[in-house]
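There are 4 protein chains.
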Amino acid sequence: MSQTHHAILLISCPDQKGITAAVTDFVFKRGGNIVDAAQHADAASGAFFMRMEWELAGFGVAKDRIPGEFAPLAEKFKMSWELYFTDEPVKVAVFVSKHLHCLFDLLFRYKSGQLPQARIELIISNHHDAEPLARQWGIEFLHTPVIAEAKAQAEQTQLAALRGKGVGLVILARYHQILSEGFIRHYPRRIINIHHSFLPAFAGASPYAQAHQKGVKLIGATSHYVTRDLDQGPIIEQDTARVNHRHAISDLVEIGQDLERIVLYRAVRWHLEHKILSCGSKTVIFE
Amino acid sequence: MSQTHHAILLISCPDQKGITAAVTDFVFKRGGNIVDAAQHADAASGAFFMRMEWELAGFGVAKDRIPGEFAPLAEKFKMSWELYFTDEPVKVAVFVSKHLHCLFDLLFRYKSGQLPQARIELIISNHHDAEPLARQWGIEFLHTPVIAEAKAQAEQTQLAALRGKGVGLVILARYHQILSEGFIRHYPRRIINIHHSFLPAFAGASPYAQAHQKGVKLIGATSHYVTRDLDQGPIIEQDTARVNHRHAISDLVEIGQDLERIVLYRAVRWHLEHKILSCGSKTVIFE
Amino acid sequence: MSQTHHAILLISCPDQKGITAAVTDFVFKRGGNIVDAAQHADAASGAFFMRMEWELAGFGVAKDRIPGEFAPLAEKFKMSWELYFTDEPVKVAVFVSKHLHCLFDLLFRYKSGQLPQARIELIISNHHDAEPLARQWGIEFLHTPVIAEAKAQAEQTQLAALRGKGVGLVILARYHQILSEGFIRHYPRRIINIHHSFLPAFAGASPYAQAHQKGVKLIGATSHYVTRDLDQGPIIEQDTARVNHRHAISDLVEIGQDLERIVLYRAVRWHLEHKILSCGSKTVIFE
Amino acid sequence: MSQTHHAILLISCPDQKGITAAVTDFVFKRGGNIVDAAQHADAASGAFFMRMEWELAGFGVAKDRIPGEFAPLAEKFKMSWELYFTDEPVKVAVFVSKHLHCLFDLLFRYKSGQLPQARIELIISNHHDAEPLARQWGIEFLHTPVIAEAKAQAEQTQLAALRGKGVGLVILARYHQILSEGFIRHYPRRIINIHHSFLPAFAGASPYAQAHQKGVKLIGATSHYVTRDLDQGPIIEQDTARVNHRHAISDLVEIGQDLERIVLYRAVRWHLEHKILSCGSKTVIFE
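Protein chains in written order, with the working numbering: chain A, 485 to 771; chain V, 485 to 771; chain R, 485 to 771; chain U, 485 to 771.
There's no promise every hint is true.
No distinction is drawn between identical chains; accordingly, a pair holds when it is met within one copy or between any pair of copies.
Below, in silico cross-link-like pairs of lysine to any residue (SDA-like), each with a Cα-Cα straight-line distance of 20 Å or less [what the hints assert, rightly or not]: (1) 698 <-> 610; (2) 582 <-> 764; (3) 562 <-> 737; (4) 766 <-> 527; (5) 759 <-> 730; (6) 766 <-> 727; (7) 595 <-> 735; (8) 766 <-> 736; (9) 635 <-> 750; (10) 562 <-> 625; (11) 595 <-> 563; (12) 513 <-> 674; (13) 560 <-> 730.
Rather than coming from a laboratory, the hints here were simulated on the basis of the structure.
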């Protein structure tokens, strides 16, 4: 919303007295105007989480020197921390197979200005269905057929393209291939998937058919970070919609697609706004 | 709502031409004014479901003679069918352990006139917590301690009480004991349970702790008919509520209780209004 | 879903005994297989509403002769009625100004096969913003600038285009012009508007600014038939989304757009499936 | 949840650099462990809002001396501020007329431990319906008949009772009398009302009848602080539920009561947890 640029600091550390005051003081002493600050202490794990956002205008330290100045404080409190700047948008690649609704939705929002923190650099697919869409929107398209024996090769091609573009976030917008552990290791907490069920229910293949078979009265969608455990990564967002006995599987698919679009979008947006922290296998979201 | 009494016919049979017309005609020819009629053809199983409700006033056949007159039609279409009358309320027993919120909610609605089709005859518990409440509302209370070695004995006592009262519906309003297969067999599709999760996720014990551990962003509640497969019976109703990282397990419990109350109430009400049909392991609900 | 084509009969008449039976009998006697039948008696007005859908395959009367055969029954019960066939899709024109999200959404669903009952023939706008989109999707675009003194002229052009295409449904997908009473008279219950508030709250201009000013905790969207009373026509569908003090007007706009898309889509779909009947200034929807 | 007691500071002031840091520093320097801190800058009004919660254990200033120590800082930033302690629960009076569902709900939650910050001291009514309930729960009941000519007298009696009990929060749990401006002046932002509509739609009398008449597809409930403008005070919480053409007014009443209970409870709880600040005619809620 704002024209001025901000710095955003994400912190995790063992909980103790004085962290909030110390970080606030760090920013204030250097002339930073705090725009937003949020913290959370997780009673179960004894961990403390903080997100601090302040205006760069008037801040007395150049962007590239902030890490150095913050290091002693970080060390004192044994912090894991990340620093982001809103004038440095994230480069994004979208992976998709044959269902294009999520891709379509992301592209329309992107074009409408709803994702100002992103630069969509690349659309990657094991099929050709998304190609006209990519061309229409002027985004580079990479076709990487995934055939059993050449899967490793396809991933090498994909990784090279991601590196070439400096991609910082991979979105699996209904990409129906399982990424290898090796691939995932390159993008820890940097791959967001949309699964078309209310996880942990109906993990794996054909979740709408599973839901129909079970006779649930609500269907769901789940966006999560991808880890090596299929459909088990930290959940970012979920939502549900009402269904009933009149709905065939094809109706669930249709109703579910509206959920998938919005649940994936929210996750992507929060990630791009640096509002998500990891708490073991869970997420802390300062929305 | 209405002062006049109605007959309600629930029908399941193989789908074929002419069922709706035949049943409509059956009622009309005998002077019945149809108040509501709904049908559903399940494409997957080829089964047809119908619910027909008509006014008894002006109907040319006495209540006890309707089954006999309907039998030839039922046979022709190979129907399973049930017939109910709104002037014959269902006698109900509520089972509960130590959490009283669902019981409390049902009792308040009952007293407020929201369950006119029910007569709550009995509250049964393996604890004494609900006893003052039962006394306060003037409902008979039966304490049946469930000790491992005497479980069968407890169930015999319960069954005898249910029979004595002519109970037609058993509500498990957070009753933390597993009913034996033998018990369940006496009340097929006549026992409604509330499970405090969005089934099939988090079946079994401590669903809120499971949900907290998993880091889901919505919690749920599910009401279902009880079968011998624990937490696997036909789902009647479900709902979800949003939670986040700030919520401890105790918060999930509290938020979830509001879901449980409403999800159980809806199931009970639909059952009492004879709006639920069984379709294999699923339900068809003509709400 | 089905490959076979259906007839759909929508009926309103004073409530009395025997209507359901008579209509069911009419279809059955002519060999029609009833696929869906729903009825509603409105206690307040004493009106009866019915929707009957049956397969044309095997029906003993040709489409064009059904009205003649049904007329005596209709007369007997003083019915208002409409007859539709699923093999005759509705021709649609979409009016839009500068906000394209609803148009975009409809076009994507249309292309994805979610609106098989429609043929989108025309996009009409008082601006040029939607023109590239129309071209991209291969749909005719008509630019009709609406200037105060030439408004009547613009509407004449629009009406001529609608007539030329045989348009049966006009969708106002965020069209920021008030249609004249003369225009509306040509399409009674055939113009669907999306209003970006939970009507009757915040009718008129700038509803999101009004909502922000008022400090509501939910915003809404409403789709309705257009009548000569601005934002007062029969409501078809509504939905709401949660907002809070952190949301600026621009955030409400963004959150609201997701509501608008889905609320307009549902109304359009129900209309195209002939599931909506009028009950005075209200709607009866047999979804 | 916590056993240790906390101090809570609510602050409003003109936005400027350094407020967060100054308040954080104030608490930290005196040995306070910050448990929660939230802030909000309202762009439209230029106002800044903050809620700071810290542990009293280990804090170096006695409770009664905190205001004095904080005063210079408050003056410097031109703050309006309030200070609360979680070991000082709020004394509450509930006003009710004939509909008891909200009262009932609050009492059950209160007894279940969901409102640990409250002491319900008094139930006041212009009718006798709630009297047995009050007796049953051991809460003092005051009957103050409100007859046109004696309304002022009734309010005097009520005010005297509130003063006698040291009441700090008045809950209008479906109290169908309009409080005089004089009464309201004694409890600014200390009277919470539940209105049975989605305000600003259907203010005034019989909102469910209004909603039914209008044919809305969702009904709502709104909790708000009471000001001298009827049903126009700052909104605290709202929610909606789906209805359709089959629902009579009596159904709306029933569905709405479930909304009212939860929407009132949330408002009461946030108020008791000191999470609500006033921003002109709106609320800022740090939930």
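Between the shortest in-copy and the shortest cross-copy C-alpha distance, which are at most 20 Å for residue 766 and residue 736: within, between, both, or neither? Classified as between: cross-chain Cα gap 16 Å, same-chain 28 Å, threshold 20 Å.
With identical chains, the pair residue 582 and residue 764 could be close in the same copy or across copies; at 20 Å between alpha carbons, which is it: within, between, both, or neither? Neither, since 33 Å and 33 Å both go past 20 Å.
Please sort residue 595 with residue 563 into within, between, both or neither, judging by C-alpha distance up to 20 Å. For residue 595 and residue 563, neither the intra-copy (37 Å) nor the inter-copy (42 Å) Cα distance is at most 20 Å.
Under a CA distance limit of 20 Å, which applies to residue 595 and residue 735: within one copy, between copies, both, or neither? For residue 595 and residue 735, only the inter-copy Cα distance (16 Å) is at most 20 Å; the intra-copy one is 29 Å.
At most 20 Å between alpha carbons: which applies to residue 562 and residue 737, within, between, both or neither? neither (47 Å within a copy, 34 Å between copies)
When Cα atoms must be at most 20 Å apart, do residue 698 and residue 610 count as within-copy, between-copy, both, or neither? neither (31 Å within a copy, 31 Å between copies)
What label fits residue 513 with residue 674 when the C-alpha limit is 20 Å: within, between, both, or neither? Cα proximity of residue 513 and residue 674: none, with 33 Å in one copy and 39 Å across.
Residue 562 and residue 625: within-copy, between-copy, both or neither at 20 Å Cα: For residue 562 and residue 625, neither the intra-copy (43 Å) nor the inter-copy (57 Å) Cα distance is at most 20 Å.
Should residue 560 paired with residue 730 be assigned to within, between, both, or neither, using CA atoms and 20 Å as the limit? Cα proximity of residue 560 and residue 730: none, with 60 Å in one copy and 26 Å across.
With identical chains treated as interchangeable, where does the CA-CA distance between residue 635 and residue 750 reach 20 Å or less: within a copy, between copies, both, or neither? neither (30 Å within a copy, 41 Å between copies)
Evaluate residue 766 and residue 527 at a C-alpha cut-off of 20 Å and name the case that applies: within, between, both or neither. So residue 766 and residue 527 pass the 20 Å test inside one copy only (14 Å; across, 33 Å).
Please work out whether the CA atoms of residue 766 and residue 727 approach to 20 Å or closer within one copy, between two copies, in both situations, or in neither? between (28 Å within a copy, 13 Å between copies)
Violation of the numbered hints given earlier is confined to hints 1, 2, 3, 9, 10, 11, 12 and 13; the remaining hints are satisfied by the structure.
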